[in-house]
Every structure is written in C-alpha cells, then in structure tokens.
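Asker: Put together the whole structure using the sequences plus the hints.
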Amino acid sequence: MLDLTTKAQIDLGDVGLHEGAPVLLRRALARLAENEWLEVRAQAPEIEAELAAWCRKEGHFFEHSHAARDLYRIQRGRGKPSVTISQQEIAEVADPSWGLAPRGAQVEAGGPDFSFTLREKREVWAQDLSTLYKQAVANQWSAARDIPWDELPKLSAEVEAAVCQVMTFLTENEFAALYVPARFIARIHPYYREVVEVMAVLVADEARHAETFTRRAEAGGIGLGTTAVSGQLSLQTLLEEPDFTTAVFLLCVMGEGTFLSLLKFLEECAPDPVTSVLARYAHRDEARHVAFGTAHLRYVLSREPERRGALTSAVERRSRMLASVSGLSPYLYDALVVMAGGGLAPAQIRQGARRVAGLHREMDRSRRERLQSLGFNTEEATSLSAFHTKNFM
Amino acid sequence: MARPPWACHSFDEDKHMPSVHGAKAGSLPLLVGAVAYDPKVVTIWEGFKSYFQKRGVEIDYVLYSNYDAQVRANLAGEIDVAWNSPLAWVKSQLDSKDGCRALAMRDSDRDLTTRVLVRKDAELASLADLKGKSIAVGASDSPQATLIPLSMLAEAGLAPGKDCRVLYHEVMVGKHGDHVGGERDAARALAAGKVDAACVLDSNYAVFINEGTLDPGTTKVLATTPPYDHCNFTARADLPEGRTQPFVETLLGMSFQDPEVRTLMELEGLKRWLPARTSGYRQLELAVKRFGLFEA
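Protein chains in written order, with my numbering: chain A, 1 to 393; chain B, 1001 to 1296.
Worth double-checking, as some hints may not be accurate.
Cross-link-like lysine-lysine pairs, in silico, BS3-like; alpha carbons within 30 Å at most [as the list claims (entries may be wrong)]:
1. A/Lys80 with B/Lys1049
2. B/Lys1054 with A/Lys80
3. B/Lys1040 with A/Lys57
Below, a sample of chain B positions facing chain A; criterion: calculated Cβ distance under 8 Å [stated by the list, open to error]:
4. Ile1209
5. Asn1210
6. Pro1259
7. Glu1260
8. Thr1263
9. Lys1271
For the record, the hints were derived by calculation from the structure and aren't laboratory data. Where is the CB? At the ideal position from N, CA and C, for every residue including glycine.
Answerer: Spelled out as structure tokens, the structure:
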C-alpha cells in the first residue's frame, strides 16, 4: 500500500534554489528511504516551479500540498548510491575499490579499481608506526639552518679530499635509500596509510641527507670525489629487489643498520665540526629508519617465521651477484683511513687503518646483534652478517 | 519532404539489416541510433552496450551528427530504434504518418517547462508586454529554448519576428538544442542587456544562476510554458515487439543504485527509465505546424 504519511519536515524560509536550498533539501532527503515523503515549507518567489524542476532532475516526485499555500511535498525517489565503508579497524586485506579513500570513509560503489599490489596487512605492516611517524616529523632538521657551515675550518688538502670522497659515497648511498622506499610507496594500498607516511618521511630524510652531504663536499672548495663501479653494482641489486619485506630487510636492517656504525664513526673521527654535526643528524634519522625496518621484520617474522629462510637466501643471492666486488672500494677505504688518521704521515695512516678496522668489527657486531633480535640464531646471524655487502649499504 | 521508403520494407528483409558478423536477422544486435551532440555520447553507449550484453541482450549503436539523418535512417530501417529528441519524434510521426511508437523515456524527460525571463527592473508584466521588444532564444530547432516558448508567444497573440524581434543563438543546429550552449548564450544576451527577454529550460535557470551566467536577483520569470515531454526511444510501428521487448525490459530494469551503470545514467541525466508516453508532445506538434517547420 502506498504510504502517504509525511516522514519529515523542512522549512526553507525564503531561501531559493540558487541560494543554497538544495543543500537543505539533500540533507533532509538523505534521511528518508525511497518513496518516503518530505514536507517542505518555502516562501521564496517562484519556488514551486524551481522545486518541480529540481525534483525532476534529482529523480524525486514533487507535488503542491493541499494543506497550505507555501507547503510542498517531495517523495524521495531512487538515487542513493550504494556505499561501502572501508573498515576503521585495520583489515587484513584492503579492497582495490577503496582506492584513495581515507580509511573509515564512506566509499561510493562503482569506483575504479586501483592497482595497488601491496594490499595485505601482513605484507607491509609494523607495530608502532604512528610513534615512528610522530618522531620523524618532530625531528626534521634543515641543512641550511641546523648545520654550522660558518665553522668549517680550512683543512689540509689531503684530509679535505678524504672528507669529500666520503661525502660522495654517502650521497650515492642516500639516493639508493631514497629510491627503494619511493618505488614501493606507489604500490602500497593507501588503506595502510601509516606505512606510507613513515616511508614518505624516510624518503624526505634521504633527500635532505643527499643534499647536505653534497653541500659539505662543495663547501671546502674541492668538490665531489669518485664513484666506484663496485658501489654502484651493490646499490643496483638493492634497487632491483622486487619483494617489499626483502627490500626493507636489505635496506633498513642490513644496510642502514651498517650505516649507523659508519655515521657514528664519522661523527667521532670527523676533522671538522660541520662533518661531525651532519653525521650526528643523519645518524638520528637513520636510527629511525632502522627502527622501522626492524619493526616491520618483527611483525612479518612473528606471523611467518619461515620467511627467515627466504631472507637468508636473499642476502646470499645478493652476495653471489656481487662476487666480482672484492671489497670496499679503495677510494672509500683510503679516504676513511686518511680522515680517521688525520693525514698522510705513516703514524697517521697506521692510526687511521686501525680505526677503520675497528669500524668493520663494530659494523659486524651490531649487524649480528640486530639479526639476533629478529630471531636469527647466532650461527645464522654470523653467516648473514658476513655475507652482507662489503660496501656497507 | 519526399515520402521515405520505409513503409515498403519489413524487418525480415535481410538486405535492410546491417550485416554484422554475417549472422541471421533474428540474432542480429538491436541497432540503436543516437545523435553525437557531445563526446560523452560514445562513453554512454559503449557502457550501455556492455551492460546489455552482460544481460544477454545484444545491442549496437550508430551515431549521427544530426537528428534529421537519424530520423531518415530509422524510417528507412537502417537502425531499429532511435534515441530521439522530441522534435525528432514529431518529425518521425509526421514523415511516417504516425507510423512509429515510443518505447521508453527518462524520468527527467517528463513535465519540463520553459521560462521566459526578463530583467527584474523591466516594466513587463505579461507576454503581451513583449510587443515591440526583443526576445533571445536558443538554436532555431530547439524545442525547449525556441519552438515551444515562441509558440506560446504566438498563442498570446504576438507573432515572433513580426510583433517582437527574435534573436536566435544557433549553437549546433541539427541537434535540436541538445547542447546547452545556445540557451546559455540567450541568457547572456539578457544579462548583457542586448534583449528584453530570454527563453530557458526550467532546470537550466538555476544552473545559469549557480554558474554565474545570470546574477542572482537580477531576473524574474515573466511566463512559464505548460509542462511538456522531451526525448524518447522511437521504433517503427512495424518492428516486431519481440525485437524491442528485451531492450525495453533491460532498460527499465536499470538501477541508479547499480554501480555499473550509475555513472552512465548520470551522464545521460536520469535516475530511472520509464515507459514512454506520447501525451507530452502536443505543444511541440502545434509549434511545428504553426511555424511550418518541415514544410518544403
């Protein structure tokens, strides 16, 4: 039976259709089911004809109420698009049709399917991502504002050149650390936005590092040094890793983890306050990146412990691909020794070489420790650490 | 216009059916004609075609650059169904001596009205006051922006072009005013003070104010036409009903809530399809006759 009772009333006053009345009408009609009636009181000039035209366009039925001169009735037609709600509680799988809608928003059905290939929580998630993101945002620094460029002393030519060589190496590594997450961001379903946010800041961090290290090389008057083929080959294998978790493991846990030792070393051995300060700032950022990588790996391995085997294989595979790389590039090794020793005198070289050997030991120790914290046993951790690229990243 | 040869052809004659995939007439897709007044027409019909196909109803479409060509093709049996403007419907009926039937229309095709707008401060109170004045209309073949309102003017005793000056805005003539451009130009002419009145479709009045073509509060409605109907799907009366029935049923079953067709229905400007009625074309028929539109 046709239900002719009025379900809701609205008073438009003298607001006309072109003065925003549809805003009020749509709100009132949205609360009605199909075929339910809305009573509209309206006094604007020509409102009856305007309402009739509007209702025809919107698919509602319109009539003048017999009750009063300024009273009209609208019967709600079809037209509510069906809507799905992407769950607020983080689902294990994100629907491609949720697209770019924020999590928890209502999504009109029928939208395009986005080709985000990483749309399962188990593939990308980590605990405490919000904390990591907040820390990252709070700890942003500026190469122009926070580095004491005015305090850069005139170093001996050989030490300055060594610093420049180290900066060259750092810059190319920072670029790799920028491109790897950047490649994956576009593949991650925005439903897992916390992951995307953390990685976006990570990318911004690396851009700033690259800028700062290059600027340091140029600040002393000598400019950038040499890029070794071995370094490029090593970084290429990192850039080409197709699996997200493996890439995070190789980059954030193994590579940036190793870089923490390097940056600490630079902070302590730097011949000038500028190099020391920028190494300290970069170290703080990298520590956060390592925390993200470790948290992601911990999340994945707690659910799929068997993936440890695949990660081990990935490190070994990478090592085999880099078989032609005999070790750290001589450009970098020599520069580190000269910088750490403070010059070219035999005693300085001996001192520098000793410190660099200590750096290698420290890198290996901290890698093993980190791997063990992820559940690898001592033997596995030792073997994996040994397989890690000789080029640090 | 010479009598078209449609009457001597019947549906079963293979030679008049398009040779699609060399299939027999019975299994040929229903061929629907539409006028390409906008690039979106391709989007709409490609979408509809696939929608129908998924429901086991094979259709295909042919686009025409103007309604006259589509009417000729429909009456000649080159297509099965034409998505006709109201004027194309009237012409089809005239040319076929009432040999066509209307199948379906949009909910938004019913009970349209046209407003004759004047400036708020104009000392005009009725249509009769437009004597000696100028009136802006849309394209000369637009039912809503030209033919129906001018006919109303004539009904009120003012011969358009004689008792009042008519300023046409010929945008896409042949497409029967489907393109809103002519109407918008008419509204602009009123806003610019070039004319004393302008004819616009009721729903476009609000659009023109919202988009800024007309300043709010600067115009008023001098007169409104009685309600009339707009487009319909037209088939020749001799086309077997069994041939059009699956098309009509599927069309009427289309739901705005169905995400698959919702955007297409939005493009086509409707919330649901309704069975056609032909009672809403009287004003246009009268206008066509009054102005001798299709007379040689």
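Asker: Each hint needs a verdict: does it hold in this structure or not?
Answerer: Hint check:
no., hint, verdict
1, A/Lys80 with B/Lys1049, "24 Å, holds"
2, B/Lys1054 with A/Lys80, "24 Å, holds"
3, B/Lys1040 with A/Lys57, "19 Å, holds"
4, Ile1209, "4 Å, holds"
5, Asn1210, "6 Å, holds"
6, Pro1259, "2 Å, holds"
7, Glu1260, "7 Å, holds"
8, Thr1263, "7 Å, holds"
9, Lys1271, "3 Å, holds"
The structure shown violates none of the earlier numbered hints.
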